[in-house]
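Generate the whole structure from the sequences, applying the supplied hints.
Chains as they are written, first to last, in the working numbering: chain A, 1 to 253; chain B, 254 to 504; chain C, 505 to 797.
I should point out that these hints are in silico values taken from the structure, not numbers from a laboratory.
Just to be clear, a hint being listed does not mean it is correct.
[Claimed, not checked] Cut-off 16 Å, straight-line C-alpha distance, at most; resulting in silico cross-link-like pairs (EDC-like, lysine to aspartate or glutamate):
id, chain 1, residue 1, chain 2, residue 2
1, A, Lys182, C, Glu555
2, B, Lys473, B, Asp461
3, C, Lys553, A, Asp45
[Claimed, not checked] With the Cβ distance kept under 7 Å, some of the chain A side facing chain C (calculated, not the full set):
id, residue
4, Gly44
5, Thr47
6, Ile49
7, Asp52
8, Glu79
9, Thr80
10, His176
11, Glu189
12, Ser210
13, Thr213
14, Val216
15, Asp252
Because the structure is a prediction, the values reported are computed rather than measured.
By construction, the Cβ of each residue, glycine as well, lies at the ideal position given by its N, Cα and C atoms.
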Amino acid sequence: MRKILALSRITFLQGVRSRVFYTLLFFAGLLVLSTVVLNQMTVGDPTKIIQDLGLATLSLFSLLIILFIGAQIIGKDMETRSIYLILSKPINRAQYLLGRFLGLLSLLYANMAAFSIIILFILFLYSHTVKWSLLLSVGLTAMEMAILLAFLLFFFTFMTPTIAPFLVLSVFVIGHTTTEVKAIFAQKEGFYHLFSMALYYVFPNFDILSIQTEVVHNVPIPARHFIYGIGYGLALIILILILTHLVFRRKDF
Amino acid sequence: MDPLVIENLAKRYVTRQRGEKKAVWAVKDLTISIPHGAIFGFLGPNGAGKTTTIKMMMGLTLPTTGNILILGKSQTSPSARAGIGFLPENPQFPPALTAQEVLAWTGRMMGMEGETLKKRVDALLARVRLNEVRHERIATFSKGMIQRLGIAQATLAKPALLILDEPLSGLDPPGRQMVTEILKEAREEGCTVFFSSHILSDVRALCDEVGLIVGGHLVKKGEIEAVFNLSGDDSPASLDQRFSEIIHTRA
Amino acid sequence: MKSGKKIVHHLILFVFAIFLLSVAAFFNQKITDLRKTYPSFTDPVFLPKAEALRLVSLDFEGLAADLVWIKGALYFGSHYRQRGFRFRWMEGLLNLATDLDPLYYDIYWYGSSLLPEVHQSIRLLKKGMRYFPDKWELPQMIGFYYLYYLHDYKSAAKYYEIASLKPGRPPFVPSLASRFYTQAGELDAAIRVLKGFYETTHRKDLKKEFALRITQLEQIKYLQALVQAYRESFGAYPATLKDLQRRGLLNAPPREPFGGYYFIDPKDHRVKSNTDPLVTPPKKKDERWQKAN
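Below, the structure written as structure tokens:
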């Protein structure tokens, strides 16, 4: 466990010192601040667009961190000799995977926490209340990002560093559209129906982890939804990491 | 038991060329046993299979056939690596980290901690003359500095076995002398050293025994004078020539 | 001297850089001016279907709705000064936004006033009512639209009545519902609304007033029935209540609870009270004639 934590710690350091990270952070900050300008253009509740755009920015930039920083660190491991200095230590391949996974996850979550605070603060300036329920949405988004991170590790074990991030992006898009696609093709027979069902069951369903709209409209979310979401996410993450390990342990460097 | 025992080691790569499968043996039928406290030089031209062999020893690549026993344990077991200090060829350290952080992390991975770790890191940074730059990011390091850091991290936990791939590459003469001294000191402390090189003059200064690998096969093993038919006054140029001759004969 | 040359060199470079920037700015302005002559595409030329936009928004349909709503507001703002502008895309935009995010109340409420035709506004508000069944404001606004723009008292009354059944509605809502029913000639409905409100309110002052209004309406209903009976018996409508008395259908006109009097409106032959604010009582000269007769 100590070795996993030691590896996750330097993974975090590598990520947080990356120039790409700061660039992403800067643009994300700009986007969140732009909500202050954008809400002048709506009629009615000014906080709606702050919440909508804030949560969308949080998701988008978390995804970009996975795609860029994750790809930078893991990709470098897989393609250059940088992994030699890790795997030559007395750790097994599972410990390597967990160490990298937890390191990137902690980087991701630190980022999400910072953004959540900024969004809550901006909202507070307008509404003079702290909308804690937004954190429920962030929580489930955090689970979604952990799933995508697991996919990143998985794809990197057998794909080139250029292809792997695109595959993760595809999983993101499919995960957010699979429910709609299934509904659209529900009435049709044959190929389209089978295709949409296959997509729905094979790929993760991020729709169930997306409660932005409900939270923004103050629709009460039962605690069960949150618990099921965590359970769903954990199950998928463990599955993907196991599959990753099965491939990774036989990988030649 | 010898600290490093290799038996009938082989590695086959399968490639596809124009739809046809083609098998290439990077290493074939390699058997070596390195006695305790020896400095063993693993020689061969580029592409001979030295790095592949070392990767198999470190568990980075799985052998097709054969066994490797490191300090009595199978090379596939992580605990075998607890007694090894490893330096790959042209080591790639994370550029965003500092020398201090890399060594501290290495120590933690090798089970060291606290004051012991701190003292050891300080001592090694001084030994490899990286003390002044210990808090600088590795991105600013020269090739020689990276190589010295590599030696430091390999010897940090005072391993029983050092496995080094081209440890003297990229170093200027003072650097090479420093590494040579470090390896000799390690041997004096009871460490066994296995290192690969394609520069005969470096090997001659250090090694008790050498093994010559050509085209994946171990073609000769023994004392360097015997293997290369050397006399006392061979210049480095003539050594290289001797080396080339033998390789071409064996290839 | 060498440093002098360097300074000159840098100066020349600097001036050249300014020159290039100016050239760029010049062309920039030229194209901007040219663009003004092209047909405008800032207005939506096509609207995507809600399902398509929902798919593309990757579960951020709330944000997509925001952006469509902003587009709608901008569309309105950039054209509202143009007389006769048809705003043909407005209903589509607002429907799209509310399809994506049906719980976006502001679009129903504010958006309904941005639509060019009152039937579009009513449609949008009705849509909002489906998702906000407890909001009295929406049916009340529909009622207002029917009243003010369409002069449809009956429909206005119907929606004010719906609004009067919603929680938290102010007292003027059922009050107006009954007035509009009365205007539409739907006395039973008017009475029903008032009775319902009488039962549910706890305020004594309102109860008192509504009791009086109920009495008034019942009296009007009674008188109206007599007017109909007169018509059926004698083939023509009575001009005044006195006609009813003369013919023995009525003994004495009932006492108007608010201190006014009842009369028969010659335009629609309906019995009305002069205390009803929606009613225009006959002119003073007619009044005296009425009273005398």
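Hints, one by one, checked against the model:
1. A distance of roughly 12 Å separates the Cα atoms of Lys182 of chain A and Glu555 of chain C; the hinted pair therefore holds under the 16 Å criterion.
2. With a C-alpha separation of about 14 Å, the suggested pairing of Lys473 of chain B with Asp461 of chain B holds against the 16 Å cut-off.
3. Taking the CA atoms of Lys553 of chain C and Asp45 of chain A, the gap is about 25 Å. The hint is violated against a cut of 16 Å.
4. Taking 7 Å as the C-beta cut-off, the interface hint given for Gly44 of chain A holds, the closest approach to chain C being about 3 Å.
5. Taking 7 Å as the C-beta cut-off, the interface hint given for Thr47 of chain A is violated, the closest approach to chain C being about 11 Å.
6. At its closest, the beta carbon of Ile49 of chain A sits 5 Å from a beta carbon of chain C; the interface hint therefore holds under the 7 Å criterion.
7. About 4 Å separates the beta-carbon of Asp52 of chain A from the nearest beta-carbon of chain C, less than 7 Å, and the hint is met.
8. The beta carbon of Glu79 of chain A comes no nearer than 30 Å to any beta carbon in chain C, farther than 7 Å, and the hint placing it at the interface is violated.
9. The beta carbon of Thr80 of chain A is not positioned within 7 Å of any beta carbon in chain C (closest approach about 34 Å), and the interface hint is therefore violated.
10. A hinted interface residue such as His176 of chain A counts as satisfied when its beta carbon comes closer than 7 Å to some beta carbon of chain C; here the least separation is about 4 Å, so the hint holds.
11. Interface hint at Glu189 of chain A: violated, since its Cβ lies 19 Å from the closest Cβ of chain C, which is beyond the 7 Å cut-off.
12. The interface hint given for Ser210 of chain A holds, since its Cβ lies 4 Å from the closest Cβ of chain C, which is under the 7 Å cut-off.
13. Annotation: interface hint on Thr213 of chain A holds; nearest CB of chain C at approximately 4 Å, less than 7 Å.
14. For Val216 of chain A, the interface hint holds, since its Cβ comes within 7 Å of a Cβ in chain C; the closest pair sits about 5 Å apart.
15. With a least beta-carbon distance of about 38 Å to chain C, the hint placing Asp252 of chain A at the interface is violated under the 7 Å criterion.
Figure legend: structure checked against the earlier numbered hints; hints not met, in rising order: 3, 5, 8, 9, 11, 15.
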